[in-house]
Amino acid sequence: MRPSRREFVTQASALGSVALTWLHAQDARGNAPVSGLHHPAKAKRVVQIFCPGGVSHVDTFDYKPELAKLHNQPMTGKGKADTFFGQPGNLMKSPFAFKQHGKSGGWVSDLFPNLASRVDDLTFIHSMTAKSSNHTPAAFQMNSGFVLNGFPSVGSWVSYGLGSLNEDLPAFVVLPDPRGLPAGGAINWSSGFLPATHQGVAFRSTGDPIPDLATPATIPAAERKAGSELLAAMNREFAEATPGETSLAARVRSYEMAAKMQLDVPGMVNLENETAETKRLYGIDDKTTEGFGRNCLLTRRLLEKGVRFIQLWHGGAFGSPRINWDAHEDIVENHRKQAAVLDKPLTGLLTDLYRRGLMKDTLFVWTTEFGRTPFTQGVGKPGRDHHQHAFTVFLAGAGLKPGFAYGESDEIGYKVVENEVTIYDLHATMLHLLGIDHQQLTYYHNGTRRRLTDVHGEVVEGILA
Amino acid sequence: MHVLSRLFGLALPLFILATPTVADDPKLPPPVNRKIDYAKDVQPIFAAACYSCHGAKKQESSFRLDRKADAFKGGEIGKPIIPGKSTDSPLIHYVAGLSKDLKMPPKGDRLTAEQIGILRAWIDQGAVWPEATAGADPRKHWAFQAPTRPPLPSVSDPKWIRNPIDAFILARLDQEGLKPSTEADRITLLRRLHLDLTGLPPTIAEVDAFLADKSADAYANAVERLLKSEHYGERWARHWLDAARYADSDGFEKDMSRNVWFYRDWVVNAFNRDLPYDQFIREQIAGDLLPNARQDQIVATGFLRNSMLNEEGGVDPEQFRMDAMFDRMDALGKAVLGVTIACCQCHNHKFDPMTQEEYFKLFAYLNNDHEAQRVVYLPDEQRQIADIRRTIGEIEARLRHNTPDWQERMAKWEASLPAQPNWEIVRVTNQSDNSQRYIEQKDGSILCQGYAPTKFTTHMRGTPTTKNITGFRLELLNDPNLPCNGPGRSHIGTCALSEFTVEAWDVKVPNKKTNVKLIKATADYGNPERDLESNYDDKSKKKRVTGPVDYAIDGKDDTAWGIDAGPGRRNVPRNAVFVPEKPVNFPNGAVIDFRMKQMHGGWNSDDHMNNNLGRFRLSVTDAANPVADPIAANVRQILAISKEKRSEAQVATLFGYWHTTVVDWKAENDRIEEQWKQWPVGSTQLALQARDAMRDTAILKRGDFLKPTKSVAAGTPRFLHPLADPKADGSRLTLANWLVDRKSPTTARVFVNRVWQAYFGTGLVSTPEDFGLQSERPSHPELLDWLAVEFMDSGWSIKHLHRLIVNSATYRQSSNVTPAMYERDPFNRLLARAPRLRVEGEIVRDIALQASGLLNPKLGGPSLYSPAPAFLFVPPASYGPFNWIEVQGADRYRRGLYTFRRRSTPYPAFTNFDVPNGDSSCVRRTRSNTPLQALTLLNESVFMDCARALALRTVKDGGKTDEDRLTFAFRCCMSRPPAADELGELTKLLVGERERIAKGEINAVELATGERTPKNKLPDGVAAPEAAAFTIVARVLLNLDETITKE
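Protein sequences appear in the order of chains A and W. Each residue of the first sequence is one higher than the one before, counting from 1 in the numbering used here. Each residue of the second sequence is one higher than the one before, counting from 1 in the numbering used here.
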């Protein structure tokens, strides 16, 4: 089968993808208008925040006064309660106080006092549905569209479609929560069947940010330099002796990029030169928020440096007490604790991105695995179970309607009743804002032109500005 | 309305206006300058770009392009093809996008200039459409016709031909007016051969020996030597393991480790003994169903078990069994059939003539198995077991010999056995909330599956009809779906019962529950008291023990009934009977709550720490003084058979039990017991085990396991060859035989194509996973068929195939390429030169290990935690505290094949080099270049170890002069000696380093050893400054592109 246009570029010459990278780098520096792959883009970079465990929509952004009325009563009229783990309990009102905020009057619970102040920037989707209520498959679906391992994540698709915006950093960077990795680990940012170039590169929050970035301590700088120079010279000769083999030229280039990464990344992750005000903004001065705050600040720095796609994790999978939003036992205890870590740094990031003008061409997406049941898990208990039939995500940035809520779940937040948005739709919309037609960004694999959105997905026109 | 028909409707008048009449439109790509063949050149373009809207299933604008008559007739807009006049043919204008409003295809990729050129040339040459392809019946697709051996073409230069492969290659080059390249130099050839056949570069000694061998068959001898090397199996196994999606862990959230390396070693071994490919496939699909199946044939079915597994809390095991089934089908399609059957999981195939029903008919062959985990033994262990069996047999034979009346005595014993009480099996339902799944079985037992909590209580409720309950029986039963056949869920199939309690009440008085006091417990077996094994550590630091069954009713959670009778005897059914102080009796009948407390697991339910019951059954009796039956279930079954009907083996089994009860034979029984204690532990392997009863297989609506529709019987797709025996049963063996039937149109072609791809970078068919209508025509169709037939005629000998390829002149060409030639054939599809390819990720590492002399060439064994950045395997980089305890000692530097493949934490040095993760079947790796590869080669600890080792080796064995040593190190990496300028550059680096060391600017010891305070001294005769200077040089050499390139 003939490769697609985008495929041809990468396959015909490995150099092609690098060349494209440079084109885009030029584009970024020259402040040229943002160009998309298929149509003009609204945004050229993405930050995706991921809260694993499953954030309860009815306790955060999807206000359900009806739940208060039905508090402690069994759910009726919705069919058999679909639970994941345990026996369904009675409906439970949100233990958090909801208030309307900003000019837009968006509802936010008191879990997020800081974020609430930016509600006029946000675009909520209250009608999300997921295909799985298991952590790993659900996380995979949010990241790759598929519930199984082996498919490229959104960041990889974007890297493949648009290339990098810079010469010395990967196009797709992942900042795992310092507390731990999510369910499924590195598969969440795998490039699947796309070339390894497009894999998400996870930065560690302490020590060497990238494995093998630093030259071993036993090799002095002068030796590193002398070796690298000879290496480059000999590789260049090898490449030149075989004219036409562009893959060799690309290998030469990859060493050059590696050298740049070695030089630039350590400075990149060093936050010490940031002002005290900035550090406060991100909550780095507070023990509770410091870890996530650092990653938020690093996110801004990486975006500024031209990283195309950043996946920023808030929460891991494993830990006791829990280090994510999986509030089976007690919604108050769990969500209070997680929100206290998330709220300030995330709001700081948004604020900083706006005040630096980055949001005019950045897409900001806040995601989770699924929602939580409007009833308790187990009768008379204070936790909520996994829930795939309705949940909330929010977006912000270029091309979106700010201070806007889209879609609706029913009166208790059990099922979507208006404008269902699937994860495919969300992905299609993200690509759309980046100037990519989700039906046309394909990669031939296993006999099919694979897409991020499989054979589904509609751009959610209703949230576009 | 479909966008296309909308376009057609609107665009018609515009289009007529827009039709140019000029003879040659400058906006059109020029027609290609060669003779066009419809089937070969044109139809694939139509199939890929047009059939989905203008084919058999859909006719947008009433236009159909897959049948000759319809194609020429046209649809709503008239005749699209005007033979002889491509510039006037509307079809050309659509595909060239000349009309603004009517571009074809409307979605997806535009045709390339070359494709348009082909269509133009075809039309200009008269649009010849042979009648044979006029119907365009998809079943007539070339790849669906069994290959036949084509005649050899005549060529311009018969002297160049070494074997028939070359005739086909040269004939095509002749057509294109090209000449093959000259033969590569001997060193390049030998290195290529080594890398291709074994995945390791030649040693200097091997190169020298080859150069010294001036005989005519020096090359052929090298081929034979390498085909005999055990590394050949390692190298080619890796390709198959990609297709077999091999990995050492389950995937998903928990990603627990699994034991499947027996399968990996089986594959290596199969290649090394040149197991014929048909048998290779047969054993992997149905080795267990072959007559008198051997362990290795059962292990081979691990192929199907390489699917991922999810045991996350709350999962429905059936959902993930179905996902695994889909994965198996996908693997079969990609690895064996070369047809993208996975498409049909949800719907009829869009391009190939396969229906969803046919998919599920094929699926039905695979749908009748238990997901077994077998205990397996290495050859030494098997010999040990045979010895034990023989010794026990001898002791028993002697007993019989010395006891002429043993039969009468045994009969007397049998007659004296007390009658068994009547037990009523209680049908129970789950009351617990611990997310383990309890699946009721037909025999009233409960099978525990899915998530396995480690410290919890199984709570079951039942309402027996027995009135005066005097005893409760708990049977622990085997099940093929449990580890090692159970009866427990622990990694060795055992379990521990901490407490067994009973609560009862009158059916009509639910609020008056009584705790039933249990005063006596008996069991057929309980292991002697012992401390709980360390893998069940719960971090409580409390002493926990297993022992006799009384521990289950002693009210203490720290003591449990243990059933581990040691290797060889632990995986058998057990039973325990618990007696209440007073019989349980309620006027209206009793409701009984059984609680089986299992507190003897470890702290982490995400690892192999559960110690749970696996399959159990609960019964009650009203017999007086019930006790557990001491006689094993299999012996009971024999006792139930009338004496005269018992087979010899059954009598032997019976004797085997009876003699243990004979007090006089204590000495012999003790000796037998001693033998049992020698039984080897073995390992385990995931395998398949056929069910007795067939599962119902239904077509699933959109592939959703919750939406079964029509049931189907096993059967094969009609577009492929028929079953040799139409009445064959629906077993996996039938499927296996069908897959490797000589009449299969794809099986042999698909395999030879993949082997070809491994050598030349691209297969003769560039889509190795798909030979269907969407695939590209083969670059050399006759060669593909010739190879496929030759392969089958050779008895499916894979080594024969290798011999053919590597002995061909095509293979032996130089890989040098001029820019002009590169431009002409960038993908080297015509093979006017040999390929030049970066080697695969594992081989990148293997080359460094081999070049540095660190490689431990040992074959086989458990997968290893090779050195890796430690932080990847502990939080936060890893889910859960996975212990990646770096292997030390000789196993540290084994081939990449043996590195543990953890699905959620792929080995970074491999991932960066495009090594697939084993998530799904992969028959074609990508090859990319990323800065992370450079960082890996430069700085990763193993590569640094290699640089230092190569330096030491060079100083020690590389000769006396700088030139000798640099040449030595260079040849270790690239086989060839350095050119003068290369030597000059390296010398400059070396001398410069030496100066800096002499001046004290570098800590030489630290550089040469990699440690501030070295644990080990440098070898005798190696001075630290020399070793340090050469370390810098070695690091450069190991990083050279040429080092990791196959030329």
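Hints are not guaranteed to be accurate.
[Said to hold, decoys possible] Heads up, simulated SDA-like pairs for lysine to any residue below, C-alpha to C-alpha not over 20 Å straight-line:
{"id": "1", "chain 1": "A", "residue 1": "Lys225", "chain 2": "W", "residue 2": "Pro1025"}
{"id": "2", "chain 1": "A", "residue 1": "Lys225", "chain 2": "W", "residue 2": "Asp622"}
{"id": "3", "chain 1": "A", "residue 1": "Lys225", "chain 2": "W", "residue 2": "Gly117"}
{"id": "4", "chain 1": "A", "residue 1": "Lys225", "chain 2": "W", "residue 2": "Leu990"}
{"id": "5", "chain 1": "W", "residue 1": "Lys107", "chain 2": "A", "residue 2": "Tyr424"}
{"id": "6", "chain 1": "A", "residue 1": "Lys225", "chain 2": "W", "residue 2": "Lys103"}
{"id": "7", "chain 1": "W", "residue 1": "Lys85", "chain 2": "W", "residue 2": "Gly117"}
{"id": "8", "chain 1": "W", "residue 1": "Lys103", "chain 2": "A", "residue 2": "Gln439"}
Hint data in this document are derived by calculation from the structure and do not stem from the laboratory.
Against the structure, the hints:
Of the pairs offered as hints, the one joining Lys225 of chain A and Pro1025 of chain W holds, with about 19 Å between alpha carbons and a cut-off of 20 Å not exceeded. About 87 Å separates the Cα atoms of Lys225 of chain A and Asp622 of chain W, which puts this hinted pair outside 20 Å; it is violated. Restraint check: the Cα-Cα separation between Lys225 of chain A and Gly117 of chain W comes to about 51 Å, which exceeds 20 Å; the hinted pair is violated. Of the supplied pair hints, the one linking Lys225 of chain A and Leu990 of chain W holds, its CA atoms being roughly 14 Å apart against a limit of 20 Å.
Of the pairs offered as hints, the one joining Lys107 of chain W and Tyr424 of chain A holds, with about 19 Å between alpha carbons and a cut-off of 20 Å not exceeded. Annotation: proposed proximity of Lys225 of chain A to Lys103 of chain W is violated, straight-line Cα distance about 55 Å (limit 20 Å). For the suggested pair Lys85 of chain W and Gly117 of chain W, the alpha carbons sit about 13 Å apart, so the restraint of at most 20 Å is met. Using a Cα cut-off of 20 Å, the hinted pair Lys103 of chain W and Gln439 of chain A holds, with the two alpha carbons roughly 17 Å apart.
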